[in-house]
Each structure stands twice: as C-alpha cells, then as structure tokens.
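S.K.: These are the residues of each chain, in order.
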Amino acid sequence: MLPQDQVIKEALKCSGCGFCLSACPVYRVLGVETLSSRGRMDTIRGMLLGELKLTPRMEEILSTCLMCQACEAACPPGAAAHKVLLEARHRAVKEKGMPWAKSLAFRRLLKDRKALARALQLVRKIQGPPPGAKRHDLRHLPTLFSGLAGGRALPPIAQKPLRERFPERVEPVPGVGLRGRVGFFPGCYMEFVDTSIGDAAIRVLSREGFEVFFPREQVCCGAPALFSGDLEDTLEIAVRNARAFANQDLDAVLVICATCGSGLKEGYDVVAQHLDGDLRDLVKRFSSKVQDLSMFLASRGLRQKLVLPEPLLVTYHDPCHHVRGQKISVEPRSLLLSMGNLSLKEMAEPARCCGGGGSFSLANPKLSIEIGRWKINDILATGAQAVVTSCPGCVLQIQEVASREKAQFQVLHLVELLDKALEGK
Amino acid sequence: MKKSLVREFRKIVGAQKCLETPEDLYAYSHDCYARGKPELVLIPRTTQEVSAILRIAHREGVPVTPRGGGSSLCGATTPIKGGIVLATNQMDKILEVSQEDRLAVVEPGVVTLRLHQAVEAVGLFYPPDPASSAMSLIGGNVATNAGGPRCLKYGVTRDYLLGLEVVLADGEVLQTGSRAVKDVTGYDLTRLFCGSEGTLGVITRITVRLIPKPETKRTILTSLRTVEEASQMVSCIIGAGILPTTLEFMDQAYIQTVEGLMHLGLPLEAGAMLLIEVDGFEEAVARQAGIVERFCKEHGALEVAVARTPQESDQLWRGRRMGTVALMRAAKLMISHDATVPASSIPELVAHTHEVARQADLKVVIIGHAGDGNMHPIFLLDPSREGEMERFEKASRELFRFTVEKGGTLSGEHGIGLEKNPYLHLQVNEIGMHTIRAIKKALDPKGILNPGKFV
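Order-wise, the sequence lines are chains A and B.
The numbering of the first sequence is this note's numbering, which starts it at 628 and goes up by one.
The numbering of the second sequence is this note's numbering, which starts it at 218 and goes up by one.
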C-alpha cells in the first residue's frame, strides 16, 4: 500500500541477522524459519522481486503473521516489516481476491453500521453463532459473517448496542465545569459486544468534564480490511469515518481500542496517499486528531482523585498496537499508578503478543491459543488478581485462553478500572 | 532430488518437518552472507533422526548442510551444493544443569541466551557471549567456536566444552570427551569438531563446563588522544595484573560517524575510546576499577567515566552497542571483518586498515576487542558505486595478508565459510591444507557434509 520503491527499500533493509527470531511469537511456537519473522521478510521480498510466486504456501506465510511488530522492535536496521507484509497482502488480494472478504456480507457490514447492528441482533436472537462459527469470541465483528470463525468462539452480543444507550452528544455531569469537547470512536467490540467498556469510557469522560460527541455515521475502523490488504474498502471506510467527525471543533477523537487507534492513526495516514486532494486532507486531518483515551487523560490530567473501592493487585499487558503500533506504554501505567488502593506488578514480558492478532486467531486458531498460553503463564506468575489492558482484542484472547487453562484472574480494560476508581465522585 | 528419496526422508522426520516448497527452500537458502539453493529442508528432533538422515544421505551421496541460527557472517551455513539443509533448532532441550558438577548438558538448538539465563539462575556462568547470543544456537556456537566481548578474560566456546555427541557423515554416533574437566584420554576430538563449521559431523548434544557467576562488575569508559595511547593503556592495565572481562576499542572514525548519527555526546576529538569491564567480588572489582581509573587519569585520558549501577553501565555501553545499530541503519551495505592480531600490533593494524581503505576509496570504521587483538573493521559500502565491491575485495585481500604477516589470523570469531575460503592458503600452508583434507577424508569420505567449505 506504500509506493513500490518504499516497500522494496524497507524489505531490503533486512540483513538476515535473525535478531527478530527470538521476538517472533509464531517462530517461538512453530520453530520453522519459513513461518518466522525473518523467513517471512525474506520470502515476501522474494515475491516482490519476482523470484517467488503467490502459492498456497506463500498465502500461509502471509496469514501466519500476527502483525505484532515485535520483530521490528528487535530489528537492528529497523525494517518496517508490517508495511512490507501489508503490501504483500494487498498484492495477494489484487491477484487472487480475498477469500473471506469475497463475502459481500462482510464488505457491506464493515461499512454499514445499522446493517451490522441488525445482523448482530439477529445472531443474538437465534441464540447461536452463524454457520461456521462456534461459541463466543470474534475479534472484528464483520468477520463473523465471513464464515472464517475457524473454531474460535463468538462473544455474546449485547442486548442494546452502545448507540442505543447514549445520545449523539453526552454533556458533562452536572456541576462539573466543561473542560473540552471530544469525539468518541468506540469501535465494533465496544459498540456491539461488551458495551459496558464503552459505557465506562463515556462516564469517565463526562465525569471529568468533557462533552462527548458520538456520531452515528461512524463505521468499523477498517482494520480487518486494512490488515488483510483490502485497500479499496479501507479507503471508503476511512472517508466515512473522517466525514462523521468533520467540522466539529473537537479537541481529539478518542479511541479505547489499541487496534482501532493504530488503524485510524498510522493506517489511515498510509492509505490516505491513495486519495485525491480534498479527501486526502479530510482523512489526514481526522487521523491526526485520533488519540488513545489513556494518552489524552494522562496529558490533560484528572481533576478527581482516583481511588479503587478495594485493594487490587494488577499486572498490565501491553497491546501490540499500543506499545509498538503507537509507542504507548507509559501513560496507561501512570494512570494505574495514580489510583489509590492499586498495586502494579509487572509480568515477565508485558509487551509480548497475547496471540490474538485480530483475524489471525480465526485463521490460525491452534497457533493463537498456543501463543496465548505463554501470556497466561506470565500473568499467573505475578500472582495478580487482575490483568489490565487497553485493547478488546487482547481482553477477549486472554479471557478465552485463561478459561481454557482454568486460570483465576480478572481481565479488565483500563477504562473499566478508571470508571470504578471515579465511582461515587 | 528423487521423489523416492524425499519419501524416505519424510518418513524419518514426518511431513511437518520435511519441507520442499519453493518458499521453504528460499527461506532456508541463506545466512547473513550468501544464498544457496537447497533441495530439501529437514528439521529433526532427535539424534536418532539425524543419524537416520545421514545414513541415507551418505548412501546416496546427498549433500547435507547443518544449520543453527542461520546468522553466519561468512556463509558457513549457506548450502552451495544443493542437497539437504539440516535445521537443528527444534532440538532445543536443556537436559541438565548440574550445580555440583558445574556443567550443563544441552541439545544444539538451545538459544545461547537461554543457556545463559538457565545457568545464571542457579549461580553459575557460561561466559562465551557472541553478539548474536539473543538468537544464536549453542550448536552453531560450537560449530563456529564463537567468541564475544567477555572472551578476553574467560576464553571462547572451545574452552568450555567437556564433551560432544556428534553424528558422523555415515550416520554413526560418536561420543567425545566426558563429564570431567581433566581428560587426556585419546585425541581431543571435542576440539576437532569445535569450529569445524559442520564439515565433519552434526553436533547433537553438548556438555559445557560452567564456572561460578561473578558477584559484580564495573564498567569504565575512557577516551584517549591516539590509538597508540589506547594500546599502551591496554598493556598498562594487563601489566598491573588486571585481566578485564572486556576491553572494547573504538577508533576515531567510529566515534565520529556514530556521533554524527546519534548525538550521544561522544568526544569527537578523541583518537580512540576504550570500554573496560572488570568483574568478580565487590572488593576486588572496586580496587581494580580504582586502578584503571587512576591509570587513565595519569596517562592523560581526555575523559573517564565509571558506572556503578547496571543503568549507568548500559549508558556507557550505548555508544558501542547502539552505535553499530546506527551504522547498520545508515549504510547501504555493512561488512565487518574479524581479523585478529597479537595485541601489540593493534595500532599498526588500525593505521594500515585506514590507509588501505583510503587508497581503495572505501569508508571504514574500526571497533574491536582490544585485549585479544580481535579487531572488527566495519566497511560501510555502497554497492551501487562503480567498482566498489571489486575495490573492497582487493582491500580485504591486502588486510588478510597483513594480518597473517603480523602473526595473526584471518578470523577471530566469525569463521571461514565462503567469505574467507579464497584466503585460507594465506595462513594455512600446503602441509596444513593437506592435513585438513586428510581429516576431512577420514571422517567424511564422500564429502557430503557442508560441501564447498574448508577446501
């Protein structure tokens, strides 16, 4: 999706030193060079240079990357592997079409929020997942309709989506002075599945004196399309979302999902160069306004003291799309540490991918769970009562693998804790 | 490769570990130096599997190139004659760490760093620390006799081997050495296989000697006016009875280039910098660091900094560790030599390297392990420049010649592989080559193991 010469330049940066191998979660489980960070970079480069073709094995190479960017953090020459991978996936889509996005339902639901809401309600009513999907747990909801659930579970759909629970504008709590106006981009999961996280975010913001603008025209962030190389749909989605928040004089557009944040910020910025003049500016302007809620609150500061009702020992898991995707790791911790009654105990490798990886977990269910097991063990080793994180994808993944492993700890989104700590204020 | 043969191999390791798609062959075709073209990749998990593979390969005369982490800088693990790439990375168990016998028994696929961590957790220490420790495999370390910065005081991989299990070219399994530190029974076969770069057998089990983990260490960074002064400083320190763990050298070209890229505040006017580490018991370390600091000041060092905490130490290492990373990011192509000379010849080698590079119109910066004379001239090349690679080739040849003339060696730690094969005769004379070939012929008569190397 980057210009060709830029992608080749990134791919050529890889010297084959292999420092990334110890960081690659997939290699750590499979131990096969071809499906490792280095092997992937090497074979993709081979494809870009015309030495290899888009074979079924190459498609496997493309689909077994978590896009966790751990390899990039370990890369001495600093090759942007995820950009190279995106370009390769984009080519694969152009050449072969996208197997799961061929599903018209998927493409429509990515872009049509109302239709998605209706479809999900239908799913809820028939009390079971659509054909092909098993129980709870799907990352990006539109993929639910792609028949690609691959044995992973589907989460229970909320009775009432977030959009039916709040008006388009939520005023600050009475008596709290107005500190600013922010846009809110909850993302699919918070809007339709675990709406309580979205509730919590809106409550925290309005208690802290922010007017929350929650436009109904917003759609999926487009990450499932972006990460699978579907440029055309990503562009359409980007423009829709940019329009939904345009001309509103907002301090920021806040996200509470690390993946949405990465998609809206870096992802849109990269794809925007495929748009013309006004539209490109519109998307770029929107993209530059997007901020993670924890970053926003940490920089603006909280007016009220944060105190949990009861003592709690937590550990923090860094979502890939935070720590590497957006370079966020300090702010969530500083919010946690500012809470009374909370102690933080770091796990061994807090920034190691949990194995969720969006549609990765659907395409590679066994591998995803295998990678998730390490995370569970790292969390258990801290003895924490709860693991806190900032991405619903991680919440779901950790929850599911923890329940398989019969691990007894809570999995919380940071916003839920913030909400608890502000309760009764 | 014949279909029936592939079937035989697949039966040994299973379909998942027998890879033959063009993508798999591509991914396993190279190391950091060169690319070859294998016909099959096998990933065995046991000695028995390795043995069964080699028995067939030997029968059929199929080349077998063993592979560890695949990070060779000299093409040691590039399969240049087709055949099989034998990846040992899934044989990755630490079988034993014995505190009483101070040894560890490991499979070849154990990542070096994991071995470090496992033995340090029980108060023991495995000193060899190649720069690639975070991903290199111990089997590869043995096959290439890996070194690292700590080797000045502690020696290299070969100095920590007690015994090996090696699958020979015909599939027979050889046990060398023992669990005893003192062992003079028969030829020292363990050391023969160490550094043989996979040309004599496939290492499947390794018994390493361990030592007590030093209590603490101290890092000192000093800058000096000239390379000669740095060299004198090194003699002075060792002459005073101090054997530092590490004595890293950085020359002016390195300091200036890295400072230009990273703005760390390195002294641009310095002719050389030395990064010195001493380790041991706290009292001894404090005293040694004090002496080193005093020497530096007495010998007109431009600056001296002593780190007292791990954080301060990391800070002092930044210019050295992150510097090479910055160079890698800035250069189109970076090739590092590892010519090693007796310590007294370091100033000459540094001066000569710059002179040769100047004449060949090449950019070079020099770092090295000063205490043991293991220098790393790092060439920052641009292959798109007219004749650059030819000029580099010529400069390399001259530097290798010079190194051998000074009583040094072509390679201190990277190995021979493909890169230095053409220069082997500079150091190893007719009789030496004859001996090497006789050993090779005795152990691998059909020449199936990593063919094209060491010949």
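Source of the hints: derived by calculation from the structure; they are not laboratory data.
Just so you know, these numbers come straight off a predicted model, no measurement behind them.
Yeah, the Cβ is synthetic: ideal placement off N, Cα and C, and Gly gets one too.
Treat the hints with caution; some may be incorrect.
Computed from the model, here is a short list of chain A residues facing chain B with C-beta under 7 Å [stated by the list, open to error]:
hint : residue
1    : Gly643
2    : Ser649
3    : Gly666
4    : Leu679
S.K.: Of the hints stated earlier, which fail here?
M.R.: none
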